[in-house]
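Sequences listed follow chains A, B, C and D, in order. Just so you know, my numbering puts 369 at position 163 of the first sequence, and the rest follows in order with no gaps. Just so you know, my numbering puts 137 at position 57 of the second sequence, and the rest follows in order with no gaps. Just so you know, my numbering puts 1352 at position 517 of the third sequence, and the rest follows in order with no gaps. Just so you know, my numbering puts 9 at position 23 of the fourth sequence, and the rest follows in order with no gaps.
Among the hints, erroneous ones may be present.
Unchecked claim - If you anchor each label on the Cβ, the simulated ranges turn out as follows:
1) A/L785 <-> C/A1225: 21 to 27 Å
2) C/V1145 <-> A/G692: 38 to 44 Å
3) D/Y17 <-> B/V160: 37 to 43 Å
4) C/R1314 <-> A/S235: 28 to 34 Å
5) D/A407 <-> B/V99: 32 to 38 Å
6) B/D173 <-> D/G334: 48 to 54 Å
7) D/A407 <-> C/L1223: 41 to 47 Å
8) A/A410 <-> C/A852: 36 to 42 Å
9) A/G746 <-> C/R1314: 58 to 64 Å
Said to hold, decoys possible - Output of the computed footprint for chain A on chain B, the stretches with three or more beta carbons under 8 Å from beta carbons of chain A:
10) 158 to 166
11) 169 to 178
Unchecked claim - Facing chain C, according to a computed beta carbon distance under 10 Å, are these residues of chain D, among others:
12) P13
13) Y17
14) A407
15) F451
16) N532
17) V536
No wet-lab data here; the hints were simulated from the structure. Ideal Cβ positions, reconstructed from N, Cα and C, are used throughout, including at glycine.
So the chains spell out like this:
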Amino acid sequence: MENLIALLIGAPLLGAAVLLCGGRRLDRSGHWLGTLLAAASFVIALALFADMLGKSADDRAMFQRLYTWIPVEGFRADMAFQLDQLSMTFVLLITGVGTLIHIYSIGYMEHDERRRRFFGYLNLFVAAMLLLVLADNYLLLYFGWEGVGLASYLLIGFWQHKPTAATAAKKAFLVNRVGDMGLSIAIMIMFTTFGTFTFGPVLAETGQASEGKLTAIGLMLLLAACGKSAQVPLQSWLGDAMEGPTPVSALIHAATMVTAGVYLIVRSADIFNAAPDAQLVVTVVGAVTLLFGAIVGCAKDDIKKALAGSTMSQIGYMILAAGLGPIGYVFAIMHLVTHGFFKAGLFLGAGSVMHGMNDEVDMRRYGGLRKYMPVTFVTFGLGYLAIIGFPGLSGFFSKDKIIEAAFAKGGTEGWILGSVTLLGAAITAYYMTRVMLMTFFGEKRWQPDENGEPPHPHESPKSMTIPMVLLAVGSVAAGAYFEFAGFVEWLEPVTGFAHGHSPLSAAAVTTATVAVMVIGVGLAYLQYGRKPVPVVAPRGSLLTRAARRDLLQDDFNHAVFVTGGTHLTRSLVYVDHTLVDGVVNGTAAAVGGLSGRLRKLQNGYVRSYAVSMFGGTAVLIAATLLMRAV
Amino acid sequence: MNPVNYLYLAALLFTIGAVGVLIRRNAIVVFMCVELMLNACNLAFVTFSRMHGNLDGQIIAFFTMVVAAAEVVVGLAIIVSVFRARHSASVDDASLMKL
Amino acid sequence: MSQVVNAGFPLLTATAAVPAVGAILTAAVPAARRTAAKWLALLVSLATLVLAGVIFAGFEPGGDRYQFVESYSWIKDFGVRYELGVDGIGVALIALTALLIPFIVLAGWHDADPLETSSKRWRPTQGFFALILMVEAMVILSFEATDVFLFYILFEAMLIPMYFLIGGFGDRAHTGSDENAAAQRSYAAVKFLLYNLVGGLIMLAAVIGLYVVAGNFSLTEIAEARANGSLEMATSTERWLFLGFFFAFAVKAPLWPLHTWLPNAMGEATAPVAVLITAVVDKVGTFAMLRFCLGLFPEASKWATPAIVVLALISIVYGALLAVGQRDIKRLVAYASISHFGFIILGIFAMTSQGQSGATLYMVNHGISTAALMLVAGFLISRRGSRLIADYGGVQKVAPVLAGTFLIGGLATLSLPGLAPFVSEFLVLVGTYARYPVAGIIATTGIVLAALYTLVLYQRTMTGPVKEEVRALPDLRARELAVVVPLIAVLIFLGVFPKPLTDVVNPAVRHTMSDVQQKDPQPSIQNVEAAK
Amino acid sequence: MSTSAVAPSVHSLWTTAAGPLEKIPAPHIEYTQLSPVLIVIGAAIVSVLVEAFVPRKGRYHSQVFLSVLALAAAFAAVVGLAAGGYGSTKAHIAAMGAIAVDGPALFLQGTILLASIVAIFTFAERRLDPADHGHKVDSFAAEAAAVPGSEQERAAVKAGFTTTEVFPLALFAIAGMLVFPAANDLLTLFVALEVFSLPLYLLCAVARRKRLMSQEAAVKYFLLGAFSSAFLLFGIALLYGYAGSVSYATIARVVDGSIGSVDPALADTMGNDALLLIGFAMVLMGLLFKVGAVPFHMWTPDVYQGAPTPVTGFMAAATKVAAFGALLRLLYVVLPGLTWDWRPVMWGVAVVTMLGGAIVAITQTDIKRLLAYSSIAHAGFLLAGVIAATPSGISSVLFYLGAYSFVTIGAFAVVTLVRDAGGEATHLSKWAGLGRRSPLVAAVFAVFLLAFAGIPLTSGFSGKFAVFKAAADGGAGALVVVGVIASAIAAFFYIRVIVLMFFSEPKADGPTVAVPSALTSITITAGVVVTLVLGVAPQYFLDLANQASVFVR
């Protein structure tokens, strides 16, 4: 059974290779091949899952070792895989949602002449993502980590002819690289501390390592997580990443890749457990991002950017939960999965809307679409209810647990974190309602697109609606299923689990959650449901304007890194040319000048030559006598 | 008298010759100054010969004269041909090649 | 001497002799039969590749340090012997050289076709390929030489053909007038030659000094004598000699601040020659640091390490930043190479097994990745006739394959996992961090900067709206694909399965480490391997 | 053996007995051992007679034949002597103390003779210029005595005169050069000096083209040469005064005190070493002038440029060999006891010579002047070897001289090929793009330049390495560093020429490359072959130099 693990990765990888090298002859069949291989991977995953369920909870982990990847004196990295419950969860999510989105893309990318390439990239992503979650050591994980980065780069910039897309792609990769620095440094520290970076031994030996080292490792891992999962301060790329085709946003920038950071932290649970300081920082980052994303989400008029903000904030929840330690890990993953469903669903819905509206993304130019695309409306609506935590739907369960755990952290921290999460819940409800109302309710505010074509909104083809429906089902049912099918027990052997002792009773937390949710919805309704929505965005409050600009975080980056960097390089180029090069050329010039001056002595007059000889002799004589004297 | 004085004289003559080479323009005169230096050498040889009481120095003097004579032949030949070509015996005029 | 002189077939000499003879034959091809010269050169380089393959296959990692040893008396008076032998590092680099030359020849297929204007007797094509083969011969021999003097001679002599390659066969895609271009070109060539010549002459002084101290030039003998104490060297003497050698190698490598010749040379030379410079010839410098500086002057090496590490770090960051600031594609790649050489030197002087294995792999991988990137860039430039980044845009749309291969080359340059350079770069970083944590972390910033200049280059040239001038660019042709595809294949293969290389390199590194009497810093927790 | 046996301080060839009535011993001359010199001198005299009696038409060929034959025979004699062990075991001082027959002498004589043969070939070259009035012409004036551009000269040209006198002149010069490094007393030294200088003065003056410059070169060379030889002579006088003899052996013994300085007659007046030191300095100056060391070098560029190029090549090679031979002998045989006095001085000279030559060469625009300055720089490198004051120093200098002389002659021979309407096109700008026009010639010249620059696998490198190695061994490490720097500077201008030839576009009015006859071709080929052989496999010649590195005392 273990030997199937490699196949999980192999199938989509094969797809990528064939599609990218295959050439035009695959243009017509390519997307089917890609989808098929993704599905194949999913089937294998299900088989492995079944097998795993058959085993007792403690020895469910499977290993497969292919060969030694990098064998060097005192340094060994294996090409080896580890499939335990945590990985399994991800594998199912990735392959499952992945397959659905492949199917969706068949319809969505129908008119794109580079569709084959698109599916190649998608397969590549799935393969890399699986490698990431299946690796049995940090270096291999790093391999997958950068692999998904590449895939995301390629897919964000898929429409390369759009400068904005190309820039967004580059930005995403660069910001991620900053995070990757953290990961590689973390690996270095591990290597020097443990002499290895394989999960098993490292996590087993954390007890022996000094807390300082572990904290360092933890923080570096967190840096990596921030990069991938768009957490403050490395969140800036996610918004721009929406330049990519919508399925990409759904799969990579909502459901799977961006959650890799959470995986990394949960995977390194033992390290964080032994480094409370690092944990604290993690929770803080989570809390900050949670609010940050939520606020940004409130101000965006671009539907995808609004959703992106929401993604940021939801991942903030997960990171926060992961920072809480054993009381949070499980719920972080749980929310991750449910979020995978409803956020993917929301994005696909958004994509469907754009599909019907000439790729219009400005919600102020939507309105009253529920009649025109009912399926989209329903599925989107269910996703909406799920994310705001409407009782009974998946978001409700997972988020509620996190809030509970946040309070359970105890002490002032507990209170602060708890209230932050609650506040977050309220804002979530607010901006999601806003999106809902602006898109599907109110009067039509449609505008003709740049070539004067007025939009004719229509329902999307089956290939697109079916995945939406399936995801909607997921976003409705997943939470409840996990709640009662024992998700905690499932993951506990890997992540460990501890019951937090919340100062508030579970019931109280739940009520509070529902209450803030209602408040959020209500506020949004008052603002966007009752009053008509202006087509041109009002100037808005200072906060709103800041939020529209991602709370000026981008401007800061631009001012400091882009502008500063440009000046730095320019001046360095100058230095290199004038100083470093100048010294050498200067010396040459100096010798040349000296030569020119000495040359003048050779003035052609015999008598001056004789003088030099005479003088020379005098000097010779003097020197000889002097030598004797001394 | 003390033969050393002849040495001083020789040195003096030699210096006069050398200085003459340095300051005179006319090739012939310059050349004569060189000859003067050679003869200063001769004087020195002869004097030392006397002091040492061996004849080497005197013999050498003869050789020097012969060599000097040969030099005169060659030198004059060159100088004269140059003079005929340029109608000037000034060594300063002969400065086509420089730098 | 530690190893037996095998009386068998002089494989090493043959491997160098084949291209040397080939060069002479190629040069002798009559002016009219230009194409014949090209094919001849290609065949010769392939034959060399085969021989190199034999060396690679025949080398026993478990065997003596130096294998295939040949040793003959040459200039008794100078204590010079014609003494050859390869250790794993040499084998790897010979393989690299022999691997790249055929692609260089193939890529430069039309670079030296004579212009209509030039006279009938002028035979640039023959000269071009003959010079390339000559360089190959000298480089290979210098990787094999275990006699310091022999090495020095090759180190110097290879400048001459390189010089003519740079100065004589400039990139036709130059900006400005022909005279202007010719001036820039000869400036670049002269700069290249003088920098390296000065370095070489300073090394000459050191070589002489070494002779005065040691009385012979045999690397193995001197190293042994040093080891068993029969040859003492005053600390100051050793340091001066070390500096003399290191200076020459640092110019060649090149190490900041001796690097400024490289951008000029690579900018003005044709792309294949630029590859020859940075991917092949410069490796002699880093190789020599590893073999001669560390091998002959271990103490001085350790003494100089801190300074060198700092310089290497400067090279890494500085090179990368300047690459970002370049307007000329080839100069950009040149500065990127400077940054990479910083990594190599850092790895060498980190004095850890990982660092040195990494550095050695880095030499090979950097060679291949730069070749891939630079040659594709060359194809692009030859199409559009301009080296300026600003003159391109949207190429991806008109020539997707070209863009794709270019991107892969770029990704290799920024050492993406899965491609060969990642392995070496990470090893260097880990190895450095193990001994100098701060240096390790600073060096890590290099991976961000690398991403920056590569992606900026790709974005500006390949993406965005299609520029009018590039609208008609054809995609890669068969010959060009034949150059690029194998290189990329090798990159991927070594990226996921570097074992064949590491097997050869590891023992050599073990020897070097014992040369400098260095032990790897041990992890603070011991019994982990047991738990594993 | 010779002098000391007879009587202290009395030196027998020149003087009959100092005392009253002694038997005058007939001078005893070992003719066989002097055969090389004698052959050449004989040939020179014969060729004077040829000038006198053989009709014009026959002169050229008979002269060429005679000189080449003589030189070859002389060389054979040298080889014979060397084979006979006179270079090593049987080395001794011949001609009653006048001439040493030992390793260095024979080696240098051999070098000079070989160099002279190839030089004579370039003298005899008559293909480069187009025939004039149906007469083949060489590089020399039709009638040296005639005023340039005068009627008389035109007549001479029309009549097809040629200055075949150059051959006897050259032979005399060569004879002098052969004696110079072998001279074992100061008088012989001086006479030899004049014997080879005077003909050279004349040879400088007889160029066919650019007569004025040629004559000017002659004047400068002559006046300065005479000036320097006067200094040399006075120095000799002082040394004689100091030691009471001009014999090297005697002086040496007086210097190291094995003979009580001088007889009491002098003791009271000058018991000090002032005579010795001043005399030494002046003699040294005379020799340094000949090797062209800074600051006695200033004649070199002008004379090299003005003289007919074949003569320049001959001078540059042979004179240097002879002069350095004499210098070595003087320093190693006469003044070993004075090493600590002359070494520092020579250090200074060597340094300024290396750097001065190299630096000034950078800005030269005339190829012949460029080579002149490069020869100055090389003199500096050689001095570094001289200073080593070890046997390996001697051998390295010998080897270097051998290597250098052939490169030089070859290089100047190539210069004679590049011509335009005005004769040789020596201005560098004219050489632009030569590599395009005639790759072979350019390549050959490039080889010579690389040898000058000391690039490995050329004789230049072997020589430089040998010399520097000796210097470093002899504890002159600092000199090596200076030498290395100088080489770096020098490299720059050699490279410049190569750049010019290969990388710059040929000019429309550029020079043509004359196709030489076999003579010059042989010269150039010899140059290339020697350059490469000494570069790649120098061991045999190094051995020769080693065996030849012991002076007889």
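Outcome of the hint check:
no.: 1; hint: A/L785 <-> C/A1225: 21 to 27 Å; verdict: holds, 26 Å
no.: 2; hint: C/V1145 <-> A/G692: 38 to 44 Å; verdict: violated, 58 Å
no.: 3; hint: D/Y17 <-> B/V160: 37 to 43 Å; verdict: holds, 39 Å
no.: 4; hint: C/R1314 <-> A/S235: 28 to 34 Å; verdict: holds, 30 Å
no.: 5; hint: D/A407 <-> B/V99: 32 to 38 Å; verdict: violated, 45 Å
no.: 6; hint: B/D173 <-> D/G334: 48 to 54 Å; verdict: violated, 35 Å
no.: 7; hint: D/A407 <-> C/L1223: 41 to 47 Å; verdict: holds, 45 Å
no.: 8; hint: A/A410 <-> C/A852: 36 to 42 Å; verdict: violated, 57 Å
no.: 9; hint: A/G746 <-> C/R1314: 58 to 64 Å; verdict: holds, 60 Å
no.: 10; hint: 158 to 166; verdict: violated (count 0)
no.: 11; hint: 169 to 178; verdict: holds (count 7)
no.: 12; hint: P13; verdict: violated, 41 Å
no.: 13; hint: Y17; verdict: violated, 35 Å
no.: 14; hint: A407; verdict: violated, 21 Å
no.: 15; hint: F451; verdict: holds, 7 Å
no.: 16; hint: N532; verdict: holds, 7 Å
no.: 17; hint: V536; verdict: violated, 16 Å
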